[in-house]
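Q: Numbered by this note's numbering, the letters in the sequence shown go through residues 15 to 289 in order.
Source of the hints: derived by calculation from the structure; they are not laboratory data. Note that the Cβ used here is the ideal one computed from N, Cα and C, for glycine as well. Any given hint could turn out to be false.
Cut-off 20 Å, straight-line C-alpha distance, at most; resulting in silico cross-link-like pairs (EDC-like, lysine to aspartate or glutamate) [said to hold, decoys possible]:
1) Lys44 with Asp55
2) Lys234 with Asp141
3) Lys234 with Asp194
4) Lys167 with Asp220
5) Lys240 with Asp109
Just the calculated beta-carbon pair ranges, DEER-fashion [stated by the list, open to error]:
6) Leu100 with Glu248: 21 to 31 Å
7) Lys234 with Gly131: 22 to 32 Å
8) Val129 with Glu256: 21 to 31 Å
9) Arg264 with Lys171: 13 to 23 Å
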Amino acid sequence: MERRNCTFSSAILSGLRDLPLLVGDLEEAKVWKRAFRTPDDVAVLNFDQKLGHLYEDAFERLIQMDAGLELLARNLQVPRADGSTLGEIDFLIRDRASGLVTHVELAVKFYLSFVDGSCVERFPGPDPRDNWLNKLDRLRSRQLRLGRLEETKALLKERFGVEEVAVGQRIYGALFDRFDREGHSRPPSVRAGCVRGCWLYFEELDRCFGGRTEFFVLPKCLWGAKIDERVLAELDRVSVEELGELATERCVMLWDEVCARPVFVAPRSWPGVGA
15 MERRNCTFSS AILSGLRDLP LLVGDLEEAK VWKRAFRTPD DVAVLNFDQK LGHLYEDAFE
75 RLIQMDAGLE LLARNLQVPR ADGSTLGEID FLIRDRASGL VTHVELAVKF YLSFVDGSCV
135 ERFPGPDPRD NWLNKLDRLR SRQLRLGRLE ETKALLKERF GVEEVAVGQR IYGALFDRFD
195 REGHSRPPSV RAGCVRGCWL YFEELDRCFG GRTEFFVLPK CLWGAKIDER VLAELDRVSV
255 EELGELATER CVMLWDEVCA RPVFVAPRSW PGVGA
């Protein structure tokens, strides 16, 4: 188990370092660019938490290993005068050489291209309550504007002596097209060179994989990781029957080792009405 967790931790750190971002520069915030390194000796991450918190821990690890950066705060709550919360700054980072302080927004997201009965293309997540257009709107209208609010400026000056703060973002993840689609979908603000996969319903498994009988299922903690032979060696293959049981109620991510890409297998109920 310890070797497995070390391998998974290294794969997550490598994913944050090497994999292409889902989103490029936005008008509200450009990509925060940094060439990270991963250590030879990787401390094991805490896998007993939600995916977003796990990848925040990994990102913090990368920042701490960079001698040119100082992490001033993580998950910094910005309060209103009445005590309620305006929002949260994911990471507040100072460049030691330039002195520049940046609010970095981090996310790891996965979206599937879905064309409904009215021929309207939407981009829900594996949990269809999440969708890309809503997430993009929240990013642009709220999360990436937080550093410009007077309440935020006052907090940063009082707590850290920061007069000016830049805003950057690093949005990781992947986009999944239907397995039988020709060409790629192009949702707004998603990079053409992002990580791409495909998705299908369980009943379509044979059409996509041509009679394959065993599959690598990626645990959720590895959805944003860099998958290689070391990772696959720590995973058990599952049969078609086992996969069918897993995909009854939720989307399951496979790793297609032939095409070296992620694949979502969705239950027939996905995405449901109004996704």
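Q: Okay, which hints does this one fail, numbers in order?
A: Numbers 1, 3, 4, 5, 6, 9, in rising order.
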